[in-house]
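J.: The primary structure of each chain is shown beneath.
There are 2 protein chains.
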Amino acid sequence: MNITIVGAGNMARGIATRALVGGHDVTITAKDPDKAVQLADELSEQDHGGQVAAGDESALDRADIVVLAVPFAAAEQLAASYGPRLSGKVLIDISNPVDASLEALVVAPGTSAAERIAAAAGEQVRVVKAFNTTFATTLVSGQVGGTPLDVFIASDDEAARKEVADLVASGGLNPVDVGALKHARELEGFQLLHMALQIREGGHNWASTIKIVAP
Amino acid sequence: MNITIVGAGNMARGIATRALVGGHDVTITAKDPDKAVQLADELSEQDHGGQVAAGDESALDRADIVVLAVPFAAAEQLAASYGPRLSGKVLIDISNPVDASLEALVVAPGTSAAERIAAAAGEQVRVVKAFNTTFATTLVSGQVGGTPLDVFIASDDEAARKEVADLVASGGLNPVDVGALKHARELEGFQLLHMALQIREGGHNWASTIKIVAP
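As given, the protein sequences belong to chains B and U, one line each in that order. 1 is the number of the first residue of the first sequence in UniProt numbering; add one for each residue after it. 1 is the number of the first residue of the second sequence in UniProt numbering; add one for each residue after it.
Calculated from the structure, these hints are not laboratory results. Warning: the hint list may mix true and false statements.
The list makes no distinction among identical chains, and a pair is therefore deemed to hold if it is satisfied within one copy or across any two copies.
As the list claims (entries may be wrong) - Listed next, the in silico SDA-like pairs over lysine to any residue satisfying Cα-Cα at most 20 Å (straight line):
#1 K162 x S208
#2 K162 x L193
#3 K162 x E123
#4 K162 x E201
#5 K182 x A159
#6 K35 x E103
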């Protein structure tokens, strides 16, 4: 698949790494084109399988899946501006709409960043929540403590959930389909607790992951 | 500690098992006294460490910690009726206020079963959310796939969180303090997804657990 990642930060690096391991072609586009070029160059040197390059916004038109790897406020704005040209495409929201104290979500009770982004993008865009519980460094390695990451996937479009599950599995991760997009609220809520656990005494320093452990 | 468990079902069995492994004394009280006697007899035969007996409601007065091991609607009613005699005691809410389809919580957005139970019990009761993400059979064994269960703990009373964490750790489980009681919403929300994952195709059949996996 053609994966376009919007953003050139740590989450872009992590998700791009998994997509390249899965043999997909990745285009990095960012507000600062130099950063996109730098990230693409670094990923290219690692020879993961798929091809990677930096690109401009025209990469959106060639993409099968677009990933908004930027913070929630920026993602909501980009969803609104990109929405009309993403008709029929899968748009992945990875954001965590947390306040600075990691004590609450900044979206209203009963809704989620993903639903806000879906509303901004418009009904023709197939919005999927994924990768919000996986920290950047864990995505780069694909595992924590030797166990593949769980990637929780929510969308009102069942085929889109399946496409993202295939992307996730191809990169060596474990997709977990949790159903409708409204369940992004529960994913964002639990990740708020997970984030707060990183920085307290004895915390995990952004190296842990949320996993459904089965026998 | 003296632990009184209200209820004689599978969750009562699981939590009682952990408390007995931890060397605590457990009293089982239930609407149907015969069921309480039967569970206490079965647990007693297993010789876990602590002492276990069935009792009537007077066991509430001797308890350091009271566990409401009944469904949410019953727990809310019991919290209201027991509240006045539980002044200063720790009351553990384990409930999951899910609808029959496992698609939504039955408590309003922005609140939780735990906060409802705290309101019903009254300010003098130290309400703690715990054990809502651990299925009964996993509590009996204390582990899933060889790894100890995480038990997520929320309360506005920091000392109460610590007491419940000690109870959890004494039974061989891993306490995870997530802070204020309002975060019960996030625990109940994510457990809704976890419960729905049990019954779908390829589901976990009530044998999995939610874990924060660290390196």
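J.: Against each hint, give a clear statement of whether it holds in the structure.
T.: Taking the hints in turn, this is what the structure says about them:
1. K162 x S208: neither (26 Å within a copy, 23 Å between copies)
2. K162 x L193: between (27 Å within a copy, 18 Å between copies)
3. K162 x E123: within (19 Å within a copy, 47 Å between copies)
4. K162 x E201: Between copies only: 14 Å across, 39 Å inside.
5. K182 x A159: Within one copy only: 16 Å inside, 35 Å across.
6. K35 x E103: neither (32 Å within a copy, 42 Å between copies)
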